[in-house]
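J.: Residue strings, one per chain:
2 protein chains.
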Amino acid sequence: MENTSSLSPNSPSPPPPPSSPTLYTNLKTIASPSKIKHAIVDLAINIKKVGVDDPRRIAHSFKVALAITLVSMVYYLQPFYNGIGDAGMWAILTVVVVFEYTVGATLSKGMNRGFATLLAGALGVGAEAFGSLFGPTVKPVVIGFLVFFLVAAATFSRFIPRIKKKYDYGVLIFILTFSLVSVSGYRVDTIIKLAHQRLSTIIFGGLTCIVISMFVFPVWAGEDLHKLIVTNLEKLASFLEGFGDEYYRVSNGDKSFLGAYKSVLNSKATEESLANLAWWEIGHGKFRFCHPWKQYLKIGVYTRQCAYHIEALSGYLDEQYQVPSEFQIAVQEPCMKMSSEVGKALKELGNSMKRMVYPSPSYVHIENCKKAIDDLNIKLKMSMVVERDDILESIPVIAATSILVDIIKCVEKISEAIEELSKQAHFKKLKDITSDENGKPHFRHRGAAIKPVDGGNDRELSTITVNSDDEIPQEMDLDKNKREINRL
Amino acid sequence: MENTSSLSPNSPSPPPPPSSPTLYTNLKTIASPSKIKHAIVDLAINIKKVGVDDPRRIAHSFKVALAITLVSMVYYLQPFYNGIGDAGMWAILTVVVVFEYTVGATLSKGMNRGFATLLAGALGVGAEAFGSLFGPTVKPVVIGFLVFFLVAAATFSRFIPRIKKKYDYGVLIFILTFSLVSVSGYRVDTIIKLAHQRLSTIIFGGLTCIVISMFVFPVWAGEDLHKLIVTNLEKLASFLEGFGDEYYRVSNGDKSFLGAYKSVLNSKATEESLANLAWWEIGHGKFRFCHPWKQYLKIGVYTRQCAYHIEALSGYLDEQYQVPSEFQIAVQEPCMKMSSEVGKALKELGNSMKRMVYPSPSYVHIENCKKAIDDLNIKLKMSMVVERDDILESIPVIAATSILVDIIKCVEKISEAIEELSKQAHFKKLKDITSDENGKPHFRHRGAAIKPVDGGNDRELSTITVNSDDEIPQEMDLDKNKREINRL
Numbered sequence: 002m003e004n005t006s007s008l009s010p011n012s013p014s015p016p017p018p019p020s021s022p023t024l025y026t027n028l029k030t031i032a033s034p035s036k037i038k039h040a041i042v043d044l045a046i047n048i049k050k051v052g053v054d055d056p057r058r059i060a061h062s063f064k065v066a067l068a069i070t071l072v073s074m075v076y077y078l079q080p081f082y083n084g085i086g087d088a089g090m091w092a093i094l095t096v097v098v099v100f101e102y103t104v105g106a107t108l109s110k111g112m113n114r115g116f117a118t119l120l121a122g123a124l125g126v127g128a129e130a131f132g133s134l135f136g137p138t139v140k141p142v143v144i145g146f147l148v149f150f151l152v153a154a155a156t157f158s159r160f161i162p163r164i165k166k167k168y169d170y171g172v173l174i175f176i177l178t179f180s181l182v183s184v185s186g187y188r189v190d191t192i193i194k195l196a197h198q199r200l201s202t203i204i205f206g207g208l209t210c211i212v213i214s215m216f217v218f219p220v221w222a223g224e225d226l227h228k229l230i231v232t233n234l235e236k237l238a239s240f241l242e243g244f245g246d247e248y249y250r251v252s253n254g255d256k257s258f259l260g261a262y263k264s265v266l267n268s269k270a271t272e273e274s275l276a277n278l279a280w281w282e283i284g285h286g287k288f289r290f291c292h293p294w295k296q297y298l299k300i301g302v303y304t305r306q307c308a309y310h311i312e313a314l315s316g317y318l319d320e321q322y323q324v325p326s327e328f329q330i331a332v333q334e335p336c337m338k339m340s341s342e343v344g345k346a347l348k349e350l351g352n353s354m355k356r357m358v359y360p361s362p363s364y365v366h367i368e369n370c371k372k373a374i375d376d377l378n379i380k381l382k383m384s385m386v387v388e389r390d391d392i393l394e395s396i397p398v399i400a401a402t403s404i405l406v407d408i409i410k411c412v413e414k415i416s417e418a419i420e421e422l423s424k425q426a427h428f429k430k431l432k433d434i435t436s437d438e439n440g441k442p443h444f445r446h447r448g449a450a451i452k453p454v455d456g457g458n459d460r461e462l463s464t465i466t467v468n469s470d471d472e473i474p475q476e477m478d479l480d481k482n483k484r485e486i487n488r489l
Numbered sequence: 002m003e004n005t006s007s008l009s010p011n012s013p014s015p016p017p018p019p020s021s022p023t024l025y026t027n028l029k030t031i032a033s034p035s036k037i038k039h040a041i042v043d044l045a046i047n048i049k050k051v052g053v054d055d056p057r058r059i060a061h062s063f064k065v066a067l068a069i070t071l072v073s074m075v076y077y078l079q080p081f082y083n084g085i086g087d088a089g090m091w092a093i094l095t096v097v098v099v100f101e102y103t104v105g106a107t108l109s110k111g112m113n114r115g116f117a118t119l120l121a122g123a124l125g126v127g128a129e130a131f132g133s134l135f136g137p138t139v140k141p142v143v144i145g146f147l148v149f150f151l152v153a154a155a156t157f158s159r160f161i162p163r164i165k166k167k168y169d170y171g172v173l174i175f176i177l178t179f180s181l182v183s184v185s186g187y188r189v190d191t192i193i194k195l196a197h198q199r200l201s202t203i204i205f206g207g208l209t210c211i212v213i214s215m216f217v218f219p220v221w222a223g224e225d226l227h228k229l230i231v232t233n234l235e236k237l238a239s240f241l242e243g244f245g246d247e248y249y250r251v252s253n254g255d256k257s258f259l260g261a262y263k264s265v266l267n268s269k270a271t272e273e274s275l276a277n278l279a280w281w282e283i284g285h286g287k288f289r290f291c292h293p294w295k296q297y298l299k300i301g302v303y304t305r306q307c308a309y310h311i312e313a314l315s316g317y318l319d320e321q322y323q324v325p326s327e328f329q330i331a332v333q334e335p336c337m338k339m340s341s342e343v344g345k346a347l348k349e350l351g352n353s354m355k356r357m358v359y360p361s362p363s364y365v366h367i368e369n370c371k372k373a374i375d376d377l378n379i380k381l382k383m384s385m386v387v388e389r390d391d392i393l394e395s396i397p398v399i400a401a402t403s404i405l406v407d408i409i410k411c412v413e414k415i416s417e418a419i420e421e422l423s424k425q426a427h428f429k430k431l432k433d434i435t436s437d438e439n440g441k442p443h444f445r446h447r448g449a450a451i452k453p454v455d456g457g458n459d460r461e462l463s464t465i466t467v468n469s470d471d472e473i474p475q476e477m478d479l480d481k482n483k484r485e486i487n488r489l
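Same order as they appear, the protein sequences are chains D and G.
For what it's worth, the working numbering labels the leading residue of the first sequence as 2, then goes sequentially.
For what it's worth, the working numbering labels the leading residue of the second sequence as 2, then goes sequentially.
Pairs count within a copy or across copies, as identical chains cannot be separated in the list.
Subject to a maximum C-alpha distance of 35 Å in a straight line, what follows is the list of computed DSBU-like cross-link-like pairs (lysine-lysine):
#1 Lys256 x Lys380
#2 Lys429 x Lys345
#3 Lys299 x Lys263
#4 Lys256 x Lys414
#5 Lys38 x Lys165
#6 Lys50 x Lys166
#7 Lys355 x Lys295
#8 Lys263 x Lys355
#9 Lys165 x Lys36
#10 Lys228 x Lys165
Derived from the structure by calculation, the hints contain no laboratory data.
Keep in mind it's a predicted model, so treat the numbers as computed, not measured.
Model the full structure from these sequences, guided by the hints.
T.: Pasting the structure below:
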């Protein structure tokens, strides 16, 4: 996109001729060659971006073209060539509307179309036959009423969430086929011949789509969902890992990672539609047929919840103060520790999901977070007996740390959800993990057996069972400390 | 939904016979009469809910049925009745795929279909004629290549955001029609005759849809967007108005309002699609043709931002402590004032949008919020010189108040966006507002001329010009106070 700056309307252009400058200017604003050039270049850059962002789009375009060319040529070149006729038309129509970007969507549309056509065709033939019982004068009225009420009922059913989610397109095709067949005015034997021909072309068109979408550079909705969840976790992790440096004005480098999390806030619709399409897909790559896609949605919910807190936290970054306050510096160490460790925990979780193994290394970081919270509590106690005038300076700092603690709680929930997914999807277990009798992995960390966080209350940081010889302040009253964490 | 409890699978059923209980149980789980009854009743309740939630859905179903019956009967009953034929089929097909829930969607699809058919038909005829130049042997190859590359290009264009947003369906129909026409194998004169017939049936079907959707119980996307934004504001307002009572355990009544804001978090997709559809709609009700729908999206962004903060704030409600801490009680008055006044401000803003008048009364509440912030600052200063051990108790309280201040800032942004909308959409001005030279309304409030909040920095509560004789602490150093508000 850097090239655009040199192509902006402010770039040097030939000076206007001395005569009739107004006319010249007007013409220039309408269609000066440089403006047209800019527009074309802009369009080209835009188009290039669409392709570069996801090269599978280019492949998809050629796949659709291939399917349509294939289907139309089969009918075009058939030996009894006599124009393409009705049958070929239905095959082309099927390919155009059924071929979607992902395998799941193509399968869903193809199967919906096939079954709906079959069912509606049968019902339509029945309606026709039923109408014929009443003689030619009353028949149109009877068929009219039948079509009216069945179409109304079918249209209404499209509002029922369960049907809307998976069978919306099928109901649409049902309405179409039923209306067409029942008002076609043909006799039943003609209809059956027509229906046979039409159904076979639809199946041919649909199968062409499904085969091409599944075997030529396939785009699997399930795989995309898996990647999306991993990417979202990584985006949040980048923010949190960089937050400390940013909050204490330590770094001055690239800040693009600070905005990346914003796309997570609105990922719900995409996740749900992908999970819905993944339901139709057969096993592919590392994913089995009945991969627990629903559990991905649960991870998505917690990830978004974490993103909401990050949104609140990011508000404390663009304060006008370039120099951290005294109080802010007093809690610098635990604050930076908390954000970097929770970031690392998320990164590890994302990484284990990416590799489809049990999420173990993140426990270390979550435990480190908890140690940092303990440390923060001590620092707060020591720092807050301050002068009356400086108290208000500490308020945004306290708020930010409190939000950080909420984020740690969210990450624990994400960790639990990913652990649940690992179980349901039979992820591989790493060698260096020993399982206890409950099947829960214990991670051996510098001699400390740290219990993974257990279900428990939503707003509560669970009890930490620590038995280690490193820097944890053993002299602290653990029970009281826990109460304080809970408060925080 | 209350009835469902009495219909749950746990309700009493006849005791199993003593012999072969396993078989009986198996049969029972497959299809016992009571289970089937439950399933049917459940389904009925579900269906009823869909209709009760939005009765316009029932109207829509009958509208679609009416359109299809009308179109099919016109072809069915035509004097030269000879089966419905190709032409009628296209009319029915058009109605089925074009008739959408909102007027905007129907207009968008109808116009996309009409223009795309026209353009693709012309290009298809051209391709056919071009192919014929090469003689019958080479023609299929030439046409095949033309179809392949044009379909690939058109499919790729569907990924370009601007096209995807408004013309996605048009491109789909373009691909369909172009492929159909260019491989139809008819001579050009036959094609033109066919095209004329097909286009006229499409226009007839499309017009039927548009007329029925616009004049029979119309559902306008624009109106829905307006209502959605108002409802979202009201949901946030309810939460904030009730937050104080809830936080201080004052109330024990209905708590459903506490969860209502959650739907706002994920309203982005709905808002954008409605705004997109509203773009196609003509003027309706109080909305002119070029109503500034884009500004609604801006209000939506700020509303969601506010909802994210509320999500963070709501975390401080389900703490385990039933009794507010000493520190919490010390700041009770300004805290409850802040939340109730910011709630009232939002309610007034929503109300003025609903009535489509300039948002004026909310200024009072926003000013009250600012007074409460001042008050809070004083209370905090007085309360925070406390015992060392109680300091940690104050942390969640400070965090909650800090988030409340952020919410007030968000509401100011919402207020500005609504004011901008009022200007762009020429909302009515209330009589008791006097405008200054900038056209900004001043609200006269007990002798104080309070300036409405001006653009300014995002994270900054703007300067408050106060000249009043009521309870504002005049003795305070206003400059310092402002700095503290900014910090907060």
